[in-house]
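Residue numbers (the working numbering), protein chains in the order written: chain A, 445 to 792; chain B, 292 to 641.
One should not assume that every hint holds.
Anything over 10 angstroms on all C-beta distances counts as not near chain B; from chain A, calculated [what the hints assert, rightly or not]:
#1 A490
#2 T593
#3 A680
#4 A683
#5 G686
#6 D716
#7 D786
Footprint (simulated), chain A over chain B, 3 or more residues, beta carbon under 8 angstroms [to be verified]:
#8 352-364
#9 448-461
#10 465-471
#11 513-520
#12 547-560
#13 602-608
Just so you know, the hints here were simulated from the structure itself, not pulled from any lab data. Here a beta-carbon is modelled for each residue, glycine too, at the ideal position from N, C-alpha and C.
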Amino acid sequence: MTITNRFQRIGAIGAAAVLVFSLAACSSGQEEASASSTDSSAAAPAGADEVLKITYIQKQGDQQYFVDEAEGAKAQAEELGNVEVTMVDVGTDSNAAITAVNTAVAQGADGVAIVVPDAKIGPQVGQILDKAGIPYVASDDPFELADGTAAPWVSIDSLTMGQQVGEKAGELYVAAGWSADDTRIISVLQEDLGVCQDRETGQLEKFTEIAGETPDVVRVGTDNSTPTALSKTGAAITANQGVKHWVVIGCNDEGVTGSVKALENSGVSADDVIGVGLGAYLACKDWKAGVDSGNKAALYIDGRVDGAASVKVLVDHLRTGDPIPAETLGKAVMVDADTWEDSGMLCG
Amino acid sequence: MTISTGSPSPTQIAPPEDKSGAKSELSFASKFVARVGAQNLSLIVALIVLAAAIGSQNANFFSLPNMQVIGEGVAILGVLAVGQTVIMLLGGLDISVGSQAGLASVVSAMVFTSSGSAIFGMAVAIVVGAVAGLVNALIIVYGRVNAVIATLATFAAYRGVVNLVSNGSAQGYTGGDDVFTFLSLGKVAGIPVLILVFLVIAALVYTMLTFTDIGRNIYAIGGNKVAARLSGLRINKYVIGAYMLMGVIAAIAGILLTARTGSGQPTSGSQGLELQVITAVALGGCALQGGKGSIIGTVLAVILLGVLTNGLQILGVNSFWQDIAQGTMLVIAVVIQQRRRGTRAVGLPD
Numbered sequence: 445m446t447i448t449n450r451f452q453r454i455g456a457i458g459a460a461a462v463l464v465f466s467l468a469a470c471s472s473g474q475e476e477a478s479a480s481s482t483d484s485s486a487a488a489p490a491g492a493d494e495v496l497k498i499t500y501i502q503k504q505g506d507q508q509y510f511v512d513e514a515e516g517a518k519a520q521a522e523e524l525g526n527v528e529v530t531m532v533d534v535g536t537d538s539n540a541a542i543t544a545v546n547t548a549v550a551q552g553a554d555g556v557a558i559v560v561p562d563a564k565i566g567p568q569v570g571q572i573l574d575k576a577g578i579p580y581v582a583s584d585d586p587f588e589l590a591d592g593t594a595a596p597w598v599s600i601d602s603l604t605m606g607q608q609v610g611e612k613a614g615e616l617y618v619a620a621g622w623s624a625d626d627t628r629i630i631s632v633l634q635e636d637l638g639v640c641q642d643r644e645t646g647q648l649e650k651f652t653e654i655a656g657e658t659p660d661v662v663r664v665g666t667d668n669s670t671p672t673a674l675s676k677t678g679a680a681i682t683a684n685q686g687v688k689h690w691v692v693i694g695c696n697d698e699g700v701t702g703s704v705k706a707l708e709n710s711g712v713s714a715d716d717v718i719g720v721g722l723g724a725y726l727a728c729k730d731w732k733a734g735v736d737s738g739n740k741a742a743l744y745i746d747g748r749v750d751g752a753a754s755v756k757v758l759v760d761h762l763r764t765g766d767p768i769p770a771e772t773l774g775k776a777v778m779v780d781a782d783t784w785e786d787s788g789m790l791c792g
Numbered sequence: 292m293t294i295s296t297g298s299p300s301p302t303q304i305a306p307p308e309d310k311s312g313a314k315s316e317l318s319f320a321s322k323f324v325a326r327v328g329a330q331n332l333s334l335i336v337a338l339i340v341l342a343a344a345i346g347s348q349n350a351n352f353f354s355l356p357n358m359q360v361i362g363e364g365v366a367i368l369g370v371l372a373v374g375q376t377v378i379m380l381l382g383g384l385d386i387s388v389g390s391q392a393g394l395a396s397v398v399s400a401m402v403f404t405s406s407g408s409a410i411f412g413m414a415v416a417i418v419v420g421a422v423a424g425l426v427n428a429l430i431i432v433y434g435r436v437n438a439v440i441a442t443l444a445t446f447a448a449y450r451g452v453v454n455l456v457s458n459g460s461a462q463g464y465t466g467g468d469d470v471f472t473f474l475s476l477g478k479v480a481g482i483p484v485l486i487l488v489f490l491v492i493a494a495l496v497y498t499m500l501t502f503t504d505i506g507r508n509i510y511a512i513g514g515n516k517v518a519a520r521l522s523g524l525r526i527n528k529y530v531i532g533a534y535m536l537m538g539v540i541a542a543i544a545g546i547l548l549t550a551r552t553g554s555g556q557p558t559s560g561s562q563g564l565e566l567q568v569i570t571a572v573a574l575g576g577c578a579l580q581g582g583k584g585s586i587i588g589t590v591l592a593v594i595l596l597g598v599l600t601n602g603l604q605i606l607g608v609n610s611f612w613q614d615i616a617q618g619t620m621l622v623i624a625v626v627i628q629q630r631r632r633g634t635r636a637v638g639l640p641d
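So that you can see chain B by itself, here it is in the shape it has in the complex:
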């Protein structure tokens, strides 16, 4: 890995609005928007408005325990969304993330039950995750299969594998183990470990994307594959690496799921995660075409979704409305994204 010398951050490279105008001519407001990013700013504003609206209806919303609940509730989703951001920046998509997390959850619990070692269980789960990611990448690269179709296939296949392995039922009991208990209930510096794992993974991936050549090349490949290839980048290597990274991150999410629920969950807890993950990443400003987006945007979007879910729940809003709200937010986010790209106002998307 090469760490770059003073390379500009991806948000400075990718979004066109960041490049517009000479710096000296920018007003303070324009500078602020350029620095934070219009997408991130709109997410922060949405977050403030949403929190104010919910908080005005329920005094407990702003309480520390409730903030902790929101953070713990989105930790698994957040971890997966960070991995998916890398994939989408490359111009890919991984629909199998929920199935991979379920597989890792069951593997970690089963290996732990048979070996008695939580660390060994987690290590095996991470290896399984990396292999699952590698299989995805090999299908895409060497099978020359569209990423959506390839991961749609493995979404079903991995779910089948995990149900076969577990006979469709939750496996083991990890609630009595120190390591799993630390993951689910422990705190470091007063911050729940679940939230900390999410933040550490987000920080590591942010660092990779922002401060290393690897990150810059990921943006370059997602932005323009042909130009990236012509400039000598080995695109296949990046695709394989990104999907393996996604597999490892999905495995970590699966381990967190096991720790949180006290058992290896083949389906429950991971089914439907893929939709939430893609929603979060798209909402965070990641272009579906690749090359544009940031970890900060994704983290903000994950928090926004967590606040929305928590708020609607504590206000007693029917869960059907929660689904509608989530779907609506995704549509609005993508429409705004398309408008900002300056493509044709009407017609089929590119």
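Here chain A stands alone, though its shape is the one from the complex:
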């Protein structure tokens, strides 16, 4: 093996530089990880004329619920006055969420609301924001910190959402007088998302409790979009010939609506489908049009209320110094073709 002089020089200089710098400044990261939370409640409250910068980090910002949430957050900021809200969409990317949190810190945000793509990153998020002394709330999906305590949280959790959907589906199933022998439950979800798993658990638990039995479950794995739900449910129908009745539950309205549509496309009557959505923003379109649909009900979660509440609790904390409430419940109501308009929801 022969080595050039140039290569030797570069290597030697590089190695020496690395050694010198390493000895000069090296951090294990433990100081950062274990840095105690700055007691933000002890900080002087901000005056009403002081502009507060809130960073709102969302997952899946292209979904209608999160679009509404962003609108609610901005409207609330305007109403409160002297509040700037920066919305950041990180899709389902946990790594991007950590980067967004770091960016908020670097930008000197006064508060952070975050919808974590995965609750498992909660300890990392808490660690970064605690160290920076920035107050934060978990919006929509709760998460725990490294010490096992829960972060202040706004909205309704996935398990509870799922239970409300399961309860309604169970009630409709009993009212229809169907039996488990000729019924299948289609559970449509993105299987690798923790929140979807929680919702499904709640849905099936509560359905069984209300209905007293559980028809066979056909799990349809999707990317939480309507087109995938449509195509994948088509295959599930093919594999389950002879089934008379279908109950459709899912992780969001896209999935449930897509599956209900696939059943209708395959010739299943709307009377033989009980679809209970989550979000109601797509199910309402059938109701608004007055068409006979398998979308029988949906849990309407007002994203605008949750978005506004997240901003409000942070601003209240920053301006008054009062602690952030451990839980701030959002608004979730079960709606159907007859009641959706009364709930105050807008159907675009």
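Since chain A is already given, all that's left is putting chain B on it; use the hints.
Here is chain B on its own, set in the frame of chain A:
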């Protein structure tokens, strides 16, 4: 491995513009362009213009913490892009890099959780990465399958494997471990370890490509496979080696992902990385046909993408526009690349 004696750098070999004209006739500007490379120079100019535009709108943009955020944000992408550069220089492509990173992320966290040893977890993840890369190479070489199709297949297959292993959910908690914490939050010489890992890998691969026969042969194979074969190069050996290297690098990216997020992430954080990685490498001047490109170009492109993402985020630009900006940059970069190749102005690409 043979280390060459004073071999010219790949940028001197590959780009045609570097060879044009006698050195003595070149003006200072021409010499400077030839030295830095037109592609790298255009990336530096783009970077300066972009940074100036964003910095003029937001005073915090140039702050040290924000520079650190940009560096940490692109570290995982950068690590993968360095590996992809080697593959693309050979004339190949690896679409499965994100899935491989996800697999390694989950494996490192699961092995760590069951064994209690972070180092063992990381070692197993790197072995798994090397095996994943080897499988890609074997499909390409012995199955004689086009690299795009082969890695498209393993992109889906590895994603399936990782979801099966993890049941689709994030695994373990690594935030309390010293080694993982050092990777995610530690600093050496004031530089975050995440950024340092990226720079060290880039430097090592740069050295391999620039100063060794292996690197020169990779350029030769990518530039003209037939000539390389006729001159006695064992192309299959290089393909297998490059894909295994990519697997190992993807595993390192997966380990960084685990350290950063505090858990093994099967999908989140690695899904969509392949598109970003290919964007970065193409933007950095790597020819899709192989044989042309450099690690410096790739690193500059990664930084450019990081600055763009960070800038659009702090300026509050809708994320949909961020996607459009990234796609537009890729198209512009590839069109410029094609024009510089001097191929027909209109018609289907070669």
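Checked hints:
Distance check on A490 of chain A: its Cβ is at least 19 angstroms (rounded) from any Cβ of chain B, clearing the 10 angstroms threshold; non-interface status holds. With a least beta-carbon separation of about 14 angstroms from chain B, T593 of chain A lies farther than 10 angstroms from that chain, consistent with its non-interface assignment. Distance to chain B confirms A680 of chain A as a non-interface residue, since its nearest Cβ pair spans about 18 angstroms, more than 10 angstroms. With a minimum CB-CB distance of about 19 angstroms to chain B, A683 of chain A clears the 10 angstroms threshold, and the non-interface call stands.
In this structure G686 of chain A is separated from chain B by more than 10 angstroms, as the shortest Cβ-Cβ distance comes to about 30 angstroms. Non-interface status of D716 of chain A relative to chain B is upheld: no Cβ of that chain comes within 10 angstroms, the nearest being about 30 angstroms off. Even its closest Cβ contact with chain B, about 33 angstroms, leaves D786 of chain A beyond 10 angstroms, as expected for a residue assigned away from the interface. Given as covered by chain A, the region 352-364 of chain B passes the check, having 7 residues with a CB less than 8 angstroms from a CB of that chain where 3 are the minimum.
With 5 residues having a Cβ less than 8 angstroms from any Cβ of chain A, the region 448-461 of chain B passes the three-residue criterion, so the hint holds. As drawn, the region 465-471 of chain B meets chain A at 3 residues by the rule of a beta-carbon pair under 8 angstroms; at three or more, the given contact holds. With a cut-off of 8 angstroms between beta carbons, the region 513-520 of chain B has 0 residues touching chain A; three or more are needed, and the interface restraint is violated. Look at the region 547-560 of chain B against chain A: 10 of its residues bring a Cβ nearer than 8 angstroms to a Cβ of that chain, three or more, so the hint holds.
With 3 residues having a Cβ less than 8 angstroms from any Cβ of chain A, the region 602-608 of chain B passes the three-residue criterion, so the hint holds.
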